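A.B. asks: Taken in order, these protein sequences are the chains called D and F. Our numbering applies: residue 1 is where the first sequence begins, and numbers increase by one. Our numbering applies: residue 1 is where the second sequence begins, and numbers increase by one.
Think of the hints as simulated: they come from the structure by calculation, not from any bench. Only a predicted model underlies this, so the values are computations on that prediction, with no experimental measurement involved. Take the hints with a grain of salt, since some may be wrong.
It does not matter which identical chain is meant; a pair holds if it fits inside one copy or across any two.
Calculated pairs, SDA-like style, for lysine to any residue (alpha carbon to alpha carbon, straight line, at most 20 Å) [claimed, not checked]:
#, residue 1, residue 2
1, K409, I302
2, K438, R118
3, K461, I433
4, K8, D453
5, K146, Q242
6, K49, K318
7, K57, K311
8, K318, P367
9, K470, D351
10, K102, P29
11, K31, Y479
12, K298, Y479
13, K387, P86
14, K470, L321
15, K470, F333
16, K246, G232
17, K102, D72
18, K440, I292
19, K370, G230
20, K2, I433
21, K102, R27
22, K383, R93
23, K56, K309
Residue strings, one per chain:
There are 2 protein chains.
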Amino acid sequence: MKLPDKKKNFLKWYSEIISYANIVDNRSPVKGSNVIMPYGYSIWESITKKLDAELKKTGHKNAYFPLFIPEDYLEKEAEHFDGFVPEVAWVTRAGDKELERKLALRPTSETIMYDMFRLWIRSHGDLPFKINQFCNIIRFDTKETKPLLRDREFLWSEGHTCHATAEDAERQVRESMKIYEAVYKLCCMSYLILRRPKHDTFAGAIYSIAYDCPLPDGRTLQIGTTHNLGQGFSKAFEIVFQDKDKQNKFVYQTCYGLSTRLIAAIIGLHGDEKGLIIPPYIAPIQVVIVPIYKKGQKELVIKESEKLKKKLLKAGFKVELDDREGYTPGWKFNEWEVRGVPIRIEIGPRDIENQQLVLVRRDKPVPTNKETIAIQDVTKEVKRILKEINDYLQKRADKLLEDSISHPKTYEELIEIQNTKRGFSRVNWCGDIECAEKIKEETGADIRGTREDIKEKPAGKCIVCGKEAKEVVYVAAAY
Amino acid sequence: MKLPDKKKNFLKWYSEIISYANIVDNRSPVKGSNVIMPYGYSIWESITKKLDAELKKTGHKNAYFPLFIPEDYLEKEAEHFDGFVPEVAWVTRAGDKELERKLALRPTSETIMYDMFRLWIRSHGDLPFKINQFCNIIRFDTKETKPLLRDREFLWSEGHTCHATAEDAERQVRESMKIYEAVYKLCCMSYLILRRPKHDTFAGAIYSIAYDCPLPDGRTLQIGTTHNLGQGFSKAFEIVFQDKDKQNKFVYQTCYGLSTRLIAAIIGLHGDEKGLIIPPYIAPIQVVIVPIYKKGQKELVIKESEKLKKKLLKAGFKVELDDREGYTPGWKFNEWEVRGVPIRIEIGPRDIENQQLVLVRRDKPVPTNKETIAIQDVTKEVKRILKEINDYLQKRADKLLEDSISHPKTYEELIEIQNTKRGFSRVNWCGDIECAEKIKEETGADIRGTREDIKEKPAGKCIVCGKEAKEVVYVAAAY
Numbered sequence: 001m002k003l004p005d006k007k008k009n010f011l012k013w014y015s016e017i018i019s020y021a022n023i024v025d026n027r028s029p030v031k032g033s034n035v036i037m038p039y040g041y042s043i044w045e046s047i048t049k050k051l052d053a054e055l056k057k058t059g060h061k062n063a064y065f066p067l068f069i070p071e072d073y074l075e076k077e078a079e080h081f082d083g084f085v086p087e088v089a090w091v092t093r094a095g096d097k098e099l100e101r102k103l104a105l106r107p108t109s110e111t112i113m114y115d116m117f118r119l120w121i122r123s124h125g126d127l128p129f130k131i132n133q134f135c136n137i138i139r140f141d142t143k144e145t146k147p148l149l150r151d152r153e154f155l156w157s158e159g160h161t162c163h164a165t166a167e168d169a170e171r172q173v174r175e176s177m178k179i180y181e182a183v184y185k186l187c188c189m190s191y192l193i194l195r196r197p198k199h200d201t202f203a204g205a206i207y208s209i210a211y212d213c214p215l216p217d218g219r220t221l222q223i224g225t226t227h228n229l230g231q232g233f234s235k236a237f238e239i240v241f242q243d244k245d246k247q248n249k250f251v252y253q254t255c256y257g258l259s260t261r262l263i264a265a266i267i268g269l270h271g272d273e274k275g276l277i278i279p280p281y282i283a284p285i286q287v288v289i290v291p292i293y294k295k296g297q298k299e300l301v302i303k304e305s306e307k308l309k310k311k312l313l314k315a316g317f318k319v320e321l322d323d324r325e326g327y328t329p330g331w332k333f334n335e336w337e338v339r340g341v342p343i344r345i346e347i348g349p350r351d352i353e354n355q356q357l358v359l360v361r362r363d364k365p366v367p368t369n370k371e372t373i374a375i376q377d378v379t380k381e382v383k384r385i386l387k388e389i390n391d392y393l394q395k396r397a398d399k400l401l402e403d404s405i406s407h408p409k410t411y412e413e414l415i416e417i418q419n420t421k422r423g424f425s426r427v428n429w430c431g432d433i434e435c436a437e438k439i440k441e442e443t444g445a446d447i448r449g450t451r452e453d454i455k456e457k458p459a460g461k462c463i464v465c466g467k468e469a470k471e472v473v474y475v476a477a478a479y
Numbered sequence: 001m002k003l004p005d006k007k008k009n010f011l012k013w014y015s016e017i018i019s020y021a022n023i024v025d026n027r028s029p030v031k032g033s034n035v036i037m038p039y040g041y042s043i044w045e046s047i048t049k050k051l052d053a054e055l056k057k058t059g060h061k062n063a064y065f066p067l068f069i070p071e072d073y074l075e076k077e078a079e080h081f082d083g084f085v086p087e088v089a090w091v092t093r094a095g096d097k098e099l100e101r102k103l104a105l106r107p108t109s110e111t112i113m114y115d116m117f118r119l120w121i122r123s124h125g126d127l128p129f130k131i132n133q134f135c136n137i138i139r140f141d142t143k144e145t146k147p148l149l150r151d152r153e154f155l156w157s158e159g160h161t162c163h164a165t166a167e168d169a170e171r172q173v174r175e176s177m178k179i180y181e182a183v184y185k186l187c188c189m190s191y192l193i194l195r196r197p198k199h200d201t202f203a204g205a206i207y208s209i210a211y212d213c214p215l216p217d218g219r220t221l222q223i224g225t226t227h228n229l230g231q232g233f234s235k236a237f238e239i240v241f242q243d244k245d246k247q248n249k250f251v252y253q254t255c256y257g258l259s260t261r262l263i264a265a266i267i268g269l270h271g272d273e274k275g276l277i278i279p280p281y282i283a284p285i286q287v288v289i290v291p292i293y294k295k296g297q298k299e300l301v302i303k304e305s306e307k308l309k310k311k312l313l314k315a316g317f318k319v320e321l322d323d324r325e326g327y328t329p330g331w332k333f334n335e336w337e338v339r340g341v342p343i344r345i346e347i348g349p350r351d352i353e354n355q356q357l358v359l360v361r362r363d364k365p366v367p368t369n370k371e372t373i374a375i376q377d378v379t380k381e382v383k384r385i386l387k388e389i390n391d392y393l394q395k396r397a398d399k400l401l402e403d404s405i406s407h408p409k410t411y412e413e414l415i416e417i418q419n420t421k422r423g424f425s426r427v428n429w430c431g432d433i434e435c436a437e438k439i440k441e442e443t444g445a446d447i448r449g450t451r452e453d454i455k456e457k458p459a460g461k462c463i464v465c466g467k468e469a470k471e472v473v474y475v476a477a478a479y
């Protein structure tokens with residue numbers, strides 16, 4: 001199998017690899033509504049397990065709200081309605097009857113949740129109030145769909161919180177960021193943390209912070225967002241609490257979301273010309289054992305392989321023994337490389353005789369990828385190498401991010417970069433939407449926002465119009 | 001708070017308790033599509049955690065398939081189509097556009113999954129093939145909706161398997177039963193395991209086995225089903241594998257489902273006149289600590305309560321410290337009784353002085369519900385009492401099932417029972433659907449099927465028509 005060049009033809013590489021590696025089957029009959037295969041879903045399970053633990057640790061409680069949202073609910077917050085209605089799927093019939101009022105399938109759950117929050121929240125003793133929901137989300141985007149990158153149905157976690165003061169809501173935004181960053185770390189992600197410009201803020205929010213991950217073709221992918229909603233929704237939905245001073249006040253709100261799209265970023269960021277490389281702590285299979293034997297040696301080698309598998313399973317690793325007949329070891333090596341398993345163990349009669357094993361790591365090239373270790377040390381060594389792979393992937397991802405940032409000095413240079421190698425371009429901006437639109441028109445790239453993790457002061461003029469710059473922003477073309 | 005009589009007016013009791021106890025909020029704007037509140041959702045998390053572990057242990061892999069199903073997919077298996085179409089919700093619009101073909105929201109996932117299985121399964125080496133999906137399900141039932149008992153949207157786990165032989169499929173049905181029974185055990189459930197009569201078999205299956213739980217008002221609730229699908233679907237969807245003999249053959253299939261309806265059964269089966277009693281191993285809160293103090297004692301008591309909470313959390317229990325101000329201990333006792341927390345710990349200054357605690361268990365009446373224990377033994381004692389509550393609830397549920405079974409000798413007696421106390425009536429049946437329909441007409445009760453766990457031979461005539469009986473069946477009115 002020969003994959004397309006990842007850098008030059010990323011989308012082709014991506015669409016082939018997710019299929020070869022059994023991540024997604026896009027032969028589903030409904031465009032943009034794909035099948036997440038067990039191998040891909042297992043990555044999502046690792047992500048949600050970590051996310052769930054972090055959310056619970058910080059006092060979030062899980063709940064489940066309806067898929068169906070009446071039209072008038074969506075309408076209650078005007079900006080929100082305008083933002084989502086073009087992509088809403090509507091149920092109009094049930095059985096053979098027309099419904100009296102058509103029902104939206106949730107494109108996000110603010111409106112259906114906040115109407116309940118209104119009933120549940122009474123006093124300052126109920127705050128802070130933190131809800132999370134794992135569910136499916138429906139957005140009939142008119143743009144071209146791409147599995148996991150842009151789906152009409154996807155899975156996500158959505159956090160929604162209410163607070164007594166603006167300061168508490170602000171603190172909550174920081175807490176949600178820490179939670180997401182813990183998840184990203186497990187996936188060895190690199191990203192810029194950007195506060196979106198006003199014109200790209202979540203519909204109904206006062207500001208939005210997003211995580212943008214660089215992909216190999218120079219485009220970026222938003223892998224999570226957190227929004228400070230202020231009192232916009234609480235006023236629209238009348239979410240009121242009695243404060244310590246006995247006054248009735250509107251709550252301050254935040255919300256945040258992280259979806260199966262993160263899987264696409266993981267694949268894009270870490271994969272290489274041979275296929276996937278799945279970060280060790282979210283890998284569905286961390287170690288694959290491939291027995292190697294000639295006629296008459298099978299029984300011995302399989303027996304040792306099974307012992308090894310048992311030992312590694314007992315130590316808590318995710319292990320697969322590939323004892324399939326009718327496939328050569330070379331064929332198996334290739335299959336597990338394509339599927340991105342972090343460690344392969346090769347074991348043959350001579351290894352057993354010498355009580356040793358060959359460990360092959362997926363992240364490094366020949367010949368730095370092989371180590372011979374003593375069988376008795378296998379759990380210790382596997383643990384060490386998984387950690388090393390994790391750290392190496394993180395370092396490589398960080399370098400990729402660093403390399404993706406350009407510093408054009410002129411408008412022409414910006415346009416040139418955004419029409420060729422792309423990536424993030426760090427530029428000064430006056431804050432006028434016209435300048436953003438001009439860049440978009442010439443390159444397809446957007447102003448993605450200002451750095452949230454560090455303060456950057458503009459020194460100079462807007463790269464588009466030459467007027468006084470107000471902000472240092474990052475320009476990139478996004479998926 | 002005074003609850004309605006649970007036996008005489010179960011549905012009123014049920015609808016009040018799920019609201020008081022924060023299980024479900026049924027004030028959602030869309031009828032039959034309710035909000036599962038955090039306290040209720042936590043029960044579902046405990047159920048799915050156990051279910052997921054059992055499914056994985058037996059080689060099932062989780063995946064995610066589309067919510068949307070094209071109409072022609074549903075039509076492929078004719079019985080299946082007829083069975084589900086009356087309750088299907090249809091998406092016909094997206095944004096402001098009519099869709100070219102309307103899309104069903106999954107009422108179950110056989111058709112969308114099996115079209116993929118056709119592509120994935122190639123040879124006997126791929127079998128057995130076991131997939132599970134946790135997802136939301138949409139059925140616009142025309143009957144009256146009742147939260148968790150009969151919803152238009154609910155959550156479930158659906159298992160789907162493929163096998164090389166009919167014997168393997170038969171074995172799989174038994175495996176799925178063991179899995180479900182392990183989950184039910186955690187919930188202290190009692191039930192009859194019944195093979196449904198032909199006319200009540202799952203649409204497209206060759207037979208269906210169901211778990212029917214007795215509720216206090218004499219009705220029963222189906223809390224899980226497992227179906228042997230034979231080759232009906234595999235022929236309709238062309239799921240073919242190459243066998244060891246190089247012949248192409250259709251796979252044999254099974255499927256099974258367990259939904260949030262189980263929560264309704266747990267509530268109905270275990271609750272009492274004071275409110276919920278949640279089985280200890282699925283309880284969102286296993287132990288609640290209520291500090292009791294007068295002026296000037298607060299600091300000491302709260303400090304000790306927090307120490308206690310920490311100790312119990314560290315030991316792995318789910319613990320809540322109710323240190324809310326402005327509520328009397330008596331008010332708190334009542335609240336946690338209504339919400340069914342298995343153990344309440346009362347702690348006051350004198351207890352601290354004597355290094356002791358009062359443990360109050362939810363399942364037993366005054367005065368057998370109280371024990372005084374030494375503080376230093378608290379984790380050991382909590383562990384013991386949770387186990388005792390679990391065993392007691394199981395015993396009580398088993399007794400409830402036993403008591404719910406009647407043995408009418410005549411048709412008149414059957415009608416009398418099914419029009420009054422109801423429960424399961426064990427009777428002889430000729431197998432004719434007319435006789436089933438006659439019972440249904442006069443009592444609303446159905447022939448729920450024959451025992452699957454034990455063999456029962458009919459001795460006598462059909463209780464309705466007097467012809468030779470073919471089966472011993474159980475009659476009951478179901479939710």
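A.B. asks: All hints are to be evaluated individually against the structure, with a verdict given for each.
C.D. replies: Hint check:
1. Taking the shortest Cα distances, K409 and I302 never come within 20 Å of each other, neither inside one copy (63 Å) nor across copies (63 Å).
2. Within a single copy, K438 and R118 get their C-alpha atoms no closer than 43 Å, and across copies no closer than 50 Å, so neither meets the 20 Å cut-off.
3. Proximity of K461 to I433 under the C-alpha cut-off of 20 Å is restricted to the intra-copy arrangement: shortest distance 15 Å within a copy versus 85 Å between copies.
4. In this assembly of identical chains, the alpha carbons of K8 and D453 never lie at most 20 Å apart, being 31 Å within a copy and 62 Å across copies at closest.
5. When the C-alpha separation of K146 and Q242 is checked against a cutoff of 20 Å, the pair qualifies neither within a copy, at 47 Å, nor between copies, at 33 Å.
6. Taking CA atoms no more than 20 Å apart as the test, K49 paired with K318 passes in both settings, with 15 Å inside one copy and 19 Å between copies.
7. With identical chains, the CA atoms of K57 and K311 are at most 20 Å apart between copies only, with a shortest distance of 17 Å across copies and 32 Å within one.
8. Proximity of K318 to P367 under the C-alpha cut-off of 20 Å is found in neither arrangement, the shortest distances being 25 Å within a copy and 51 Å between copies.
9. In this assembly of identical chains, K470 and D351 lie within 20 Å of each other by CA distance neither inside one copy nor across copies; the values are 65 Å within and 65 Å between.
10. Within a single copy, K102 and P29 get their C-alpha atoms only as close as 24 Å, which misses the 20 Å cut-off; across copies the closest is 12 Å, which meets it.
11. Taking the shortest Cα distances, K31 and Y479 sit within 20 Å of each other inside one copy (18 Å), while across copies they are farther apart (38 Å).
12. Within a single copy, K298 and Y479 get their C-alpha atoms no closer than 49 Å, and across copies no closer than 57 Å, so neither meets the 20 Å cut-off.
13. In this assembly of identical chains, the alpha carbons of K387 and P86 never lie at most 20 Å apart, being 45 Å within a copy and 54 Å across copies at closest.
14. In this homomeric assembly, K470 and L321 never come within 20 Å of each other (Cα to Cα): the closest approach is 58 Å inside a single copy and 50 Å across copies.
15. Taking the shortest Cα distances, K470 and F333 never come within 20 Å of each other, neither inside one copy (54 Å) nor across copies (59 Å).
16. Within a single copy, K246 and G232 get their C-alpha atoms no closer than 22 Å, and across copies no closer than 66 Å, so neither meets the 20 Å cut-off.
17. For a Cα distance limit of 20 Å, the shortest separation of K102 from D72 inside one copy, 10 Å, qualifies, whereas the shortest one across copies, 23 Å, does not.
18. With identical chains, the CA atoms of K440 and I292 are never at most 20 Å apart, being 55 Å at best within one copy and 65 Å at best between copies.
19. Neither within a single protomer nor between protomers do K370 and G230 lie at most 20 Å apart by alpha-carbon distance, with minima of 54 Å and 48 Å respectively.
20. For a Cα distance limit of 20 Å, the shortest separation of K2 from I433 qualifies neither inside one copy, at 44 Å, nor across copies, at 61 Å.
21. Taking CA atoms no more than 20 Å apart as the test, K102 paired with R27 passes between copies only; the shortest distance there is 19 Å, against 30 Å inside one copy.
22. In the homo-oligomer, the alpha carbons of K383 and R93 never lie at most 20 Å apart, since the shortest distance is 55 Å inside one protomer and 52 Å across protomers.
23. With identical chains, the CA atoms of K56 and K309 are at most 20 Å apart between copies only, with a shortest distance of 17 Å across copies and 33 Å within one.
The earlier numbered hints that this structure contradicts are 1, 2, 4, 5, 8, 9, 12, 13, 14, 15, 16, 18, 19, 20 and 22.
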